[in-house]
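Colleague: Starting from the two chains in their separate frames, assemble the complex, guided by the hints.
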Amino acid sequence: MSADVEYEPVIGLEIHVQLKTRTKMFCGCELSFGDPPNIHVCPVCLGLPGSLPVVNARAIHLGLMIGMAVGSELAPRSIFHRKNYFYPDLPKGYQISQFDLPLCLGGKLGDVRIHRVHLEEDAAKLTHVGESGRIHGSDSSIVDYNRGGTPLAEIVTEPDVRSAEQAREWLNMLRVTLRQLGVSDVNMEEGSLRCDANISIRPVGDTELHTKTELKNMNSFRYIERGIHAEVARQIEIVRSGGKVQGETLHFDPRTERITSLRSKEEAHDYRYFPEPDLVPITISAEMLDAARAEVPELPTARAERYASTLGLSDDAAKLLADRAELAAYFESVLEVDSVEPVAAANWVTELAARLDEGDPAGSKVEPRALASLIGLLSSKAINVGAARQVLDRLVAEGGDPLAIVEAEGLGAIGGGDELADAVAAAIAANPDVAEKIRDGNMKAIGPIIGHVMKATKGRADGGEVTRLVRQQLGL
Amino acid sequence: MIDREQVLHVARLARLQLTDDEVERMAGELSSILGHIETISGLDLDGVEPTSHVVEVSNALRPDVPRPSLDREVALSQAPARTADGFLVPSPQA
Ligand SMILES: [Zn+2]
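Protein sequence lines, in the order shown, are assigned to chains Z and D.
Just so we're aligned: the first sequence equals residues 1 to 476 in our numbering.
Just so we're aligned: the second sequence equals residues 1 to 94 in our numbering.
Looking at chain D on its own, in the form it has when it is part of the complex (with noise of 0.2 Å):
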């Protein structure tokens, strides 16, 4: 079972602010989908390769050639706040 604190952990590090509410939601959501994930724990899966990914290719590489990157415009003019040729940010440090 997920506790609060650990719940509160989880958010801080993705950034989410959760209402008491929420809280008390998110962790049984998050408990029963543990729930499942010890289900497959108690497999045997000794001697099982685990899959990274699910597709059989590898070495999908790019040769090393430079290709038009965007007007600096184009990428400012989504940002929430910019100065003139920058993407203005909280400051992580404040």
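Okay, chain Z solo, but in the shape it has when bound (with noise of 0.2 Å):
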């Protein structure tokens, strides 16, 4: 292929989320992160002979909300498989999954199709010690099977995805989605959230899948949205100068930004797959659906799609607040108070947010209430934009009433009375050259004077009513 041609990738994601159960899937086994190794184990989850796995009714439960959250069609029977494969991390030799019969088949989140959503069990953690140094071959690994056995739903995207910056944002829409539905905490650095990328190319215009590479184990979208955009201009690369991509799992290094391969290739898949004789099928009852459906709340994007169409939102500051869930159970609070109108709401509710750092409004010493009156006195003029973020300032760190704040403080606005025209008067008479600029026409000018008046009025004039009244007092 000639180096003119223009190529696009083409990515599919699987991302895997550790449920957010008491117990593993398959035996009581409390989940745990963090906790001393080994603690947490009993035979099922050790893999010992004669030990009997029983599904957690609760990971179903999470399952089929994961499913309704994303439009999935719910199997009415979906039934358990074993995968088989040898490695340390897995005690019976076979992790159980689910394969031909998933719990949710297809969906779409946002712009990207949901292939299926399937439930299976984690495996342990390992540690490699090290080399001995002396003979090949000697390195040992620590097993701690407190984490085998966690229950994951693993969420199989189809190859919807065409950028790495897309990948990143879709997987944040994701993330958001699933922490507002309750069912994971989805934290990367915890590992309750993990991504994988099939990533191929194509010409573009050309609607063919081509070989794809597995790259495993990102642990954070920025590295998942540069790992994309390695292995895109790596594949680019091997086709341009005449090679073919191979089909391989791949590691991507964020320190070195280095790709390499994971899995030699006799290592190949080939697990083998058969229906888990230990497990009988789940069928899916209409109480069971009831159940589910009563647990899935409103969610983000359409939550973002109410606030932009029947509140008037922009899109940017729907999705700000719908995007958590805490700000947006706080901007209806402060609806709900009176007749506040949604639009400056939801800039007070930004505009709090952002001094409360990462934290809930609801926890903060601000009422909805306050806020609510703080807008009122804004839009109706009797504090300006400068004194609001001051009473904000202050409700954030005392709380309070904002007009007594205002009043304690004189931070009223000076409206169209005789203060406010002397001090408009003074400010023109100070400034004589810029009185001349404005009565030639150029308004633009004005600057100066609105700064002498906010000196000497300490803030408290509204702008606005500066302009009106010079252009009064110039006789324009």
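Since the hints were derived computationally from the structure, they do not count as laboratory data.
Accuracy of the hints is not assured; some may be wrong.
Derived list of chain D stretches under chain Z, where covered just means 3 residues or more per stretch with a C-beta under 8 Å from a C-beta of chain Z [what the hints assert, rightly or not]:
{"id": "1", "region": "44–57"}
{"id": "2", "region": "62–70"}
{"id": "3", "region": "73–83"}
Listing some non-contacts, in silico: residues in chain Z with all C-beta distances to chain D over 12 Å [to be verified]:
{"id": "4", "residue": "VAL5"}
{"id": "5", "residue": "ARG77"}
{"id": "6", "residue": "ASP144"}
{"id": "7", "residue": "ASN198"}
{"id": "8", "residue": "ARG258"}
{"id": "9", "residue": "LEU356"}
{"id": "10", "residue": "GLU407"}
{"id": "11", "residue": "ALA430"}
{"id": "12", "residue": "ASP433"}
We put the beta carbon where it would ideally sit given N, CA and C, even for glycine.
Modeller: Take a look at the structure:
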């Protein structure tokens, strides 16, 4: 292929999320993170002979909730399969997963179609001890089976993603959705959300799928974006120099930006799936569906859509609030106070959020009623924006009532009274050259006069009112 | 007929080390098993649902309630090799 052919990436994502249950997928051991090793283990999750798995009902419930959130078809009957391979993090020699009858089929989130969602068990944690330095191959690893058997939902997309940036943005949408669903902590650092990317390239305009590689174990959205960039560049280089992309599993090292092959060919995937004889099929009853549906809240994409279409918020403002459930809840409680204008409410909830770092405004000293009252003072021009920000700072620090703060601090706006007119007259007198420019029709020169008035009134004057008075006094 | 390479491939997946004699014998035994399967494949099974389970039971579920785990010492007591708090295994990367 020639060098002038343009290529586009074709990317599918596989996301593993640890489900927020109390116990493991197939046994009653408690889930944990950061506990001492091997204290949450039993014959089932150690794979001891004679032990039998039993499915955690809550994991099925959470799986159904995910399916509903992404609009999957929920399988009336689904079964578990054994996925056979040997690795020390898998004590039975197989992982219990799902194969041709997953819990959820199809669906869509944003502009990316979902292929399937299935349930499986997590592997244990391996810690490499390091080389002895003397005998080749004498390295050893330590296994901690606490994590082994943790319920996972694997979400597989269709190859609908066309860029590394889109992958990062979509994954963020998925994370926000799953967090608000309450099915997972979706914390990449703690490993409760993990992502692999299947990547291929093709000439722009081509509709076929070409050989893909699988980029594994990327532990932050930023690394995923950079990893995909690096792998797409690598594939384009191979194809442009006349080579062929090999289907293989790859690792991206974010430190060196290098991509290396993870598994040798002889260990190519040959999992010999067969139905797990120790587990009977799952048939989804109307009661199970009702229970799952009752727990699915309004999701960020739907909520942002509602804020934009029925409340008139900009898409950005709508998304900003909808993506954080606690901001959305606070915003809605501000709206419930009398007749607060939604766009103003959104602006001031955003202002408040910026002052709280990542904190929940409901846990702050600022009552929704106080924020609504602040917005009222501003919209009735009793205070100007600068004063409103000062009041908000005080509310964040101490709480209280905005009107009382305005009165105590003398932050009330100076309206159309003599005080403001006098201040404007003084400002014009102090800036005769500016006044001259304005008389000549150059309103843009007004800055120094407004500045003078603001200084004289300690920032309490309304900019619009000052401009009106300047024009009036200059006879314009 | 299963050939030698296929036997070695399956043996590798199962982490089994076979002698040449065993490879020979396995090739024969596996071939005869596959022969039985071929007989079944010859039947007209259009419209017959595959049987994944032989019992008519579904939804054997467990409430999400913690149960006591094993004491760590008990868990580790069966390990061929161990550290103070973990199972020691040959490194899979080695
Ligand atoms: Zn267990």
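Colleague: Would you mind marking each hint as holding or not holding in the structure?
Modeller: Here's how the hints hold up against the structure:
1. Given as covered by chain Z, the region 44–57 of chain D passes the check, having 4 residues with a CB less than 8 Å from a CB of that chain where 3 are the minimum.
2. Counting residues of the region 62–70 of chain D whose CB falls under 8 Å from any CB of chain Z gives 9; the rule of at least 3 is met.
3. A count of 5 residues in the region 73–83 of chain D with a Cβ less than 8 Å from any Cβ of chain Z is obtained; the coverage claim is therefore met, three being the minimum.
4. Against the 12 Å criterion, Z:VAL5 stays outside the reach of chain D, whose nearest CB is about 38 Å from its own CB.
5. Distance check on Z:ARG77: its Cβ comes as close as 7 Å (rounded) to a Cβ of chain D, failing to clear the 12 Å threshold; non-interface status is violated.
6. Under the 12 Å C-beta cut-off, the non-interface status given to Z:ASP144 relative to chain D is violated; the minimum distance is some 6 Å.
7. Residue placement check: Z:ASN198 keeps its beta carbon more than 12 Å from all beta carbons of chain D (closest about 23 Å).
8. The beta carbon of Z:ARG258 sits about 18 Å from the closest Cβ of chain D, which is more than 12 Å, so the claim that it is off the interface holds.
9. The claim that Z:LEU356 is not at the interface with chain D holds, since no C-beta of that chain comes within 12 Å of its own (minimum 34 Å).
10. Residue-level check passed: Z:GLU407 sits 55 Å from the nearest beta carbon of chain D, beyond 12 Å.
11. Remark: the non-interface label on Z:ALA430 is consistent with the geometry, its nearest Cβ contact in chain D lying 74 Å away (cut-off 12 Å).
12. The non-interface label for Z:ASP433 is consistent with chain D: the shortest C-beta to C-beta separation is roughly 77 Å, beyond 12 Å.
Violated hints, in rising order: 5 and 6; the structure is consistent with all others.
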